[in-house]
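Chemist: Here are the chains, one letter per residue:
Protein chains: 2
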Amino acid sequence: MALEKKLKIAIGGASGETGMSIINALLDSPDNFDIIALVRPESASKPVYQDLATRGVSLEIIKFSDIEAMTSILTGVDIVISCLTLLQVAEEHALIDASHAAGVGRFVPSFFAVVCPPRGVLTLRSMKEDVLDRCKRLYLPYTVIDVGWWMQLSLPQVPSKRLDAQISVPDTIIGADGNVPTAVTDVSDIGKYVARIVADPKTLNKHVFAYGEVTTQNKIWAAVEEATGETIPRTYLSKEDAEATMLQLKEVAGKNPADMPSLFKLSMLEYKYTWGIRGDNTPEHAAYLGYLDAKLLYPDVECKSVGVFVSEIVEGARSATVYKNRDDHPVTMLQGKV
Amino acid sequence: MALEKKLKIAIGGASGETGMSIINALLDSPDNFDIIALVRPESASKPVYQDLATRGVSLEIIKFSDIEAMTSILTGVDIVISCLTLLQVAEEHALIDASHAAGVGRFVPSFFAVVCPPRGVLTLRSMKEDVLDRCKRLYLPYTVIDVGWWMQLSLPQVPSKRLDAQISVPDTIIGADGNVPTAVTDVSDIGKYVARIVADPKTLNKHVFAYGEVTTQNKIWAAVEEATGETIPRTYLSKEDAEATMLQLKEVAGKNPADMPSLFKLSMLEYKYTWGIRGDNTPEHAAYLGYLDAKLLYPDVECKSVGVFVSEIVEGARSATVYKNRDDHPVTMLQGKV
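The listed protein sequences correspond, in order, to chains A and B.
Position one of the first sequence corresponds to residue 1 (the UniProt record's numbering), numbered consecutively onward.
Position one of the second sequence corresponds to residue 1 (the UniProt record's numbering), numbered consecutively onward.
Hints in this document: simulated from the structure, not taken from any laboratory.
A few of these clues could be false.
Which copy? The list can't say, so a pair holds if one copy fits it or any two copies do.
[As the list claims (entries may be wrong)] In silico DSS-like cross-links for lysine-lysine, where the CA-CA straight-line distance does not exceed 27 Å:
no. : residue 1 : residue 2
1   : K295      : K5
2   : K8        : K219
3   : K206      : K295
4   : K304      : K255
5   : K255      : K63
6   : K202      : K295
7   : K202      : K304
8   : K6        : K255
9   : K219      : K206
10  : K239      : K206
11  : K202      : K161
12  : K255      : K206
13  : K250      : K239
14  : K8        : K265
15  : K265      : K219
16  : K304      : K5
17  : K239      : K6
18  : K5        : K202
19  : K295      : K219
20  : K161      : K239
21  : K5        : K239
Since the structure is predicted, the reported quantities are computational estimates derived from the model, not experimental observations.
Excised from the complex, chain A in its bound form:
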C-alpha cells in the first residue's frame, strides 16, 4: 500500500519491545515513511541504535527535557510516536509540549497496553490518562493505540523447565476461574497495525484497539499443555484476594509515590486484575469506551494466533523473551520479586 505522501515519523523509546516492533514495520515500507529515532544521550551508545542507523533510521541524540531543541528537531515531522515507559513520564510530557510547539500533525502517546476504564482500575492507566489530558489541553492531534496483553507475557512455564529459556516473563497465576475473555497480541504484530493506524485520517483524535485474538487463560495454558504433553499445575487468584493485596500495596505505594518498585509490583497485580479477573480487556468493552476496532478498520492485517504462537515457541522456532538486556526496565527489575 503506497501512501499519497511520504510521512516523517519520529519515535521516542524506539529500542524497547513496542518501539522495535513499530520501527520494523515502518522500515518494511520505505516508500511511505522517513523514520527518526529520538535517542536520549545516555542511550546513544547502545548497539541497537547503531543497528537502526545502518537500517536507514535517522538518529537524533537529544535531551527530551530540552523542549526548545526538541521543537526544532520535530518541526516538519508529521507524526510523533512515544514508546517511553512510565519511568520516563516527565520526558513524555516534555515531548508533548515540543510536538505542540512544532505543529506536529499527530501524537501517539505511549499507551500500547490493555483496554480498561480510564481511572480507578489500573494506576499506570491513570498516569497515561494524565499524559492524554495534556495533549487535550493543547488540542494536539493524537491517536491512542492499545494492543491488549502481550502473548509474550501470557505463557506458563512447564514442569520439565524445557521452556524456561524461551519465556522470560512467564504467566504464573490464573485469574478467577481462568475463563475470563481477554485480547492478546504477539508483540511482533503491533507495528503492522501501527503503520496502518498512523497513516489513516479516520483514526485522528480517536482510540484504536489493535489486537490479535480474544482468548482466555485456560485456553492458553491448555494450548501449552497440548503442545508439550505436560500438565501444568494451576494456582488461582480470586477477585477478593486480588483486591485485598492491591489495597495493601496501594498503602505502601501511597506512602512514597517515588517508590517505583512498589508502584510496579502493584501494577503487575492490577494488570492481572483488569484483564484476568474483571475482564476489561475485550473488544466489547473497547467499543463501549469509545475505541475503534482495528480488525474492522484493517481486515487484511494478519495476526499471529495463540495456537501458532505456542507451536513456534514449543518447537524452538522463536522465543517469547522480552525485556532482555533491559536492566533499567521495571519488569526486569522486579523479576522474581512479584
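Using the hints provided, position chain B relative to the given structure of chain A.
Modeler: Same frame as chain A, now just chain B:
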C-alpha cells in the same frame, strides 16, 4: 415525532434550571415519555414538586444514598438523568450505583455546561469526569450532554439599572479582548435537545454538544447596547491576571477541600477563563474532544438566537433570572461575593 416505544425517564435534581428545562420538554411529548422525579426528602415540600405532580410527573421521595431502595425504584426505568449540582456529588455517585444495579439503559450524568478539556482547566469539570469514570468502571451505558454557557449568565447590566431585575447573575467582566468565540444556549432550549438525544441510539456512550449559537462577549454586549441605547463600561480580564488569581484561589481551596464557597469562587473564575479566555467552548474543540454535534444530529431543533434573547429581555417579554428561590445553590450563595 413519535417514538416506537414509550420511554420511562427518572430525573434527579428536577427542580433546578436544567432539570425544569428538561422536564418541560419531556412533558411536551406525553406519548413518548413517562417521567419520574426523584425527590430528596428535604425537598419534598417544595411547591415546584407539587406543581410537577399536577402536570403528570410521578414523584418518588427517596434518599439518594439508599442504594437498595433507589435500585428498586429504578428497576424498569430506561433512562436516568442527573441534574444534581456538585454539592450533591456523593448522591450522584450513589445514583450511578443504583442505576447499574437496576439495569438502567442509559445514564445522563450532570454535565450540562461548557466544553473544555477533561482535566486541568476547570475543577468542576474534573469532578464531573470522576462521575463519568464511575459509570465507565461499571460499563453503565451513558450519554454526556454539554450545552455551552447559558445566555442567562451572559448579559451585562446597563448603567440605568433598568435590566437589573431581569438579570439575576450578570456578566461583569470581559475575558481577553472580548473576541473569543464561545457557544451559548438559552436554558429553555436545553430540554428540547435532551428529549431528542436520550431517545437516540446514536448518542449512546457518546458525548453530545447541544448549543444555541457561537458568539463572543463583544457581540453580546454590543447587542445589549444596541437594544437599550446605553453604553456599558468595560472591564477586562487578561489571561495572566486570571491565571495569577486562580493560582491564589487554588491554594486556598487546596488547604480545605470541604470549603465549598472557595471552590465555587475558583470555579466561576475558571469558567470565565475556559470559555472567555482560552476559548475552549466551541464546536471545533468539541469535535476534537470526541463530541457529536447536536446541530448536525437534529437540524430541525430551533434554538433562540442571542439577538432575539436580548430583545425579549430588553422588551420585558421575559427575564434572565436564574437560581431564584434557590438559597442552597452555590451561585446564589456567592452572589455579590465573587
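Chemist: Give a verdict on every hint.
Modeler: For each hint, the structure was consulted:
For a Cα distance limit of 27 Å, the shortest separation of K295 from K5 inside one copy, 24 Å, qualifies, whereas the shortest one across copies, 34 Å, does not. Taking the closest pair of Cα atoms, K8 and K219 never come within 27 Å of each other, the shortest separation being 41 Å inside a single copy and 43 Å across copies. Proximity of K206 to K295 under the C-alpha cut-off of 27 Å is found in both arrangements, the shortest distances being 15 Å within a copy and 21 Å between copies. When the C-alpha separation of K304 and K255 is checked against a cutoff of 27 Å, the pair qualifies neither within a copy, at 42 Å, nor between copies, at 54 Å.
In this homomeric assembly, K255 and K63 never come within 27 Å of each other (Cα to Cα): the closest approach is 31 Å inside a single copy and 36 Å across copies. Proximity of K202 and K295 under a CA criterion of 27 Å is satisfied in both settings, with 14 Å inside one chain copy and 22 Å between copies. When the C-alpha separation of K202 and K304 is checked against a cutoff of 27 Å, the pair qualifies only within one copy, where the shortest distance is 25 Å, while the shortest distance between copies is 34 Å. Proximity of K6 to K255 under the C-alpha cut-off of 27 Å is found in neither arrangement, the shortest distances being 49 Å within a copy and 53 Å between copies.
In this assembly of identical chains, the alpha carbons of K219 and K206 never lie at most 27 Å apart, being 32 Å within a copy and 34 Å across copies at closest. In this assembly of identical chains, K239 and K206 lie within 27 Å of each other by CA distance neither inside one copy nor across copies; the values are 32 Å within and 30 Å between. Proximity of K202 and K161 under a CA criterion of 27 Å is satisfied in neither setting, with 46 Å inside one chain copy and 53 Å between copies. Taking the shortest alpha-carbon separations for K255 and K206, neither the intra-copy value of 35 Å nor the inter-copy value of 37 Å comes in at or below 27 Å.
For the identical chains of this complex, K250 and K239 are intra-copy neighbours only, at 16 Å inside a copy versus 39 Å across copies, given an alpha-carbon limit of 27 Å. Taking the shortest alpha-carbon separations for K8 and K265, neither the intra-copy value of 37 Å nor the inter-copy value of 47 Å comes in at or below 27 Å. Taking CA atoms no more than 27 Å apart as the test, K265 paired with K219 passes inside one copy only; the shortest distance there is 26 Å, against 56 Å between copies. Neither within a single protomer nor between protomers do K304 and K5 lie at most 27 Å apart by alpha-carbon distance, with minima of 30 Å and 45 Å respectively.
In this assembly of identical chains, the alpha carbons of K239 and K6 never lie at most 27 Å apart, being 49 Å within a copy and 40 Å across copies at closest. When the C-alpha separation of K5 and K202 is checked against a cutoff of 27 Å, the pair qualifies only within one copy, where the shortest distance is 16 Å, while the shortest distance between copies is 34 Å. Taking the closest pair of Cα atoms, K295 and K219 come within 27 Å of each other only inside a single copy of the chain (21 Å); across copies the shortest separation is 48 Å, beyond that limit. For the homomeric pair K161 and K239, neither the shortest alpha-carbon distance inside one copy (29 Å) nor that between copies (64 Å) is at most 27 Å.
For the homomeric pair K5 and K239, neither the shortest alpha-carbon distance inside one copy (50 Å) nor that between copies (39 Å) is at most 27 Å.
Against the hints set out earlier in the document, violations occur for numbers 2, 4, 5, 8, 9, 10, 11, 12, 14, 16, 17, 20, 21.
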